[in-house]
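Asker: Now for the letters of each chain:
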Amino acid sequence: MALALTVTTPIKIDIWSDIACPWCYIGKRHLEGGIAALGADAPDVEIEYHSFELAPDTPVDFEGSEVDFLAGHKGIPVEQAREMIERVTGVAAQAGLDYDYDALQHTKTLKAHELLHFAKEHGRQLELSERLFRAYFTEGRHVGRPEELVELAVEVGLDADAARDALRTGRYAAAVEADIAQAGAYGINGVPFFVFDGKYGVSGAQPAQVFSQVLAQLAGERDGAAA
Amino acid sequence: MIAGTPDTPRDAAVPSPFTMVAGDPAAMVCEGDVCIVPGSTTAE
Chain Y
1 MALALTVTTP
11 IKIDIWSDIA
21 CPWCYIGKRH
31 LEGGIAALGA
41 DAPDVEIEYH
51 SFELAPDTPV
61 DFEGSEVDFL
71 AGHKGIPVEQ
81 AREMIERVTG
91 VAAQAGLDYD
101 YDALQHTKTL
111 KAHELLHFAK
121 EHGRQLELSE
131 RLFRAYFTEG
141 RHVGRPEELV
151 ELAVEVGLDA
161 DAARDALRTG
171 RYAAAVEADI
181 AQAGAYGING
191 VPFFVFDGKY
201 GVSGAQPAQV
211 FSQVLAQLAG
221 ERDGAAA
Chain L
228 MIAGTPDTPR
238 DAAVPSPFTM
248 VAGDPAAMVC
258 EGDVCIVPGS
268 TTAE
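Same order as they appear, the protein sequences are chains Y and L. Position 54 of the first sequence, counted from 1, bears residue number 54 in the numbering used here, the numbering being contiguous throughout. Position 15 of the second sequence, counted from 1, bears residue number 242 in the numbering used here, the numbering being contiguous throughout.
No lab work stands behind these hints: they were computed from the structure. Here the structure is a predicted model, which means the values were calculated and not measured. Heads up, some of the hints might be wrong.
Which stretches of chain Y does chain L cover? Using the computed rule of at least three CB atoms under 8 Å from a CB of chain L, they are [said to hold, decoys possible]:
1) 76 to 88
2) 142 to 152
3) 205 to 217
Positions of the beta carbon are idealized from the N, C-alpha and C atoms, including for glycine.
Excised from the complex, chain Y in its bound form:
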C-alpha cells in the first residue's frame, strides 16, 4: 500500500538589503505586516538576507550629519537632502519606526554585512538584521566599528569572541561579494529587493498588502499543484 506523505516546505523569501537603507527597514516591517495580515492562513516562510552594499565608498568614520553626508560627500543639494530625510522619517513613523537622523552615524556597512553572514551560519541572522537596523536608524549606534558590532551580536545570542574573530579575519567577505554578484546577475540595481520561492520578484518597500498577495498566490499555487 502506498503512503501519501504531505511535506510542507516553507516559502523561501530571499531579501537583498543594506543596513544603511532606510527603505529596507520599512520594507521589512511591511513584509512582516503582510505575513501577519494573513492570520491563520499565513504560510510558513523562511527568510534569508543577502548583502547589498549601497555605498562602498562610504568612510567608516564620517564626522557630520546625514544631511552633511548627502550634501557634502554626494553633492545632493541641502534642501533636497532635508526633504529626503523628512519624507522617509514620516513613512517610517507610519510603519512604527522612530528614525532619528540627528543621532544616525553614517558609516560603511561592509563589516555589518560580514557579521550578518556569520549570524546566518549560527541561525541568528533575522535577529541580528533587526538589531542592526534598530541600532543604526533609531539608536544612533555606530555599525561600522567591529567592537560595536560585537556588542550587538552578543545581544542576539552570538558568541563575542567568535564574532570578533569573524570580523577580524574578514572570513565572510567573500560571501558578501557573492551576494552582491548574485544581485548583479539578477539585474538588481536597488534595494530592498525580495524574491519569493525563486519565482516572484518584488522591488522596493511595497505596501504590506502586496506581500500578502504574493504569499497568498504562492500558497494557492502550491495547493493547486498538490491537488
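Put chain L on the given structure of chain Y with help from the hints.
Answerer: For chain L alone, kept in the frame of chain Y given last:
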C-alpha cells in the same frame, strides 16, 4: 498584481529567473545614497 509573463528588473544584463510583481509603482528603492521611485528621474 502579478505580471503574467516573466520580466526582468530594470537594466538586467541577463534574464532573471523570476516574474516581477508590479505592486505599487511608487514603492521606494535605494540606489547608492539616493532613494528613488524606480523609473523616475527625481530623487526623493
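Asker: Work down the list of hints and note, for each, if the structure agrees.
Answerer: Cross-check of the supplied hints:
1. 76 to 88: holds (count 6)
2. 142 to 152: Coverage by chain L is violated for the stretch 142 to 152 of chain Y (0 residues, Cβ < 8 Å).
3. 205 to 217: Since three or more residues must qualify, the claim that chain L covers the stretch 205 to 217 of chain Y holds, with 7 doing so at under 8 Å.
Of the numbered hints given earlier, the model fails hint 2 alone.
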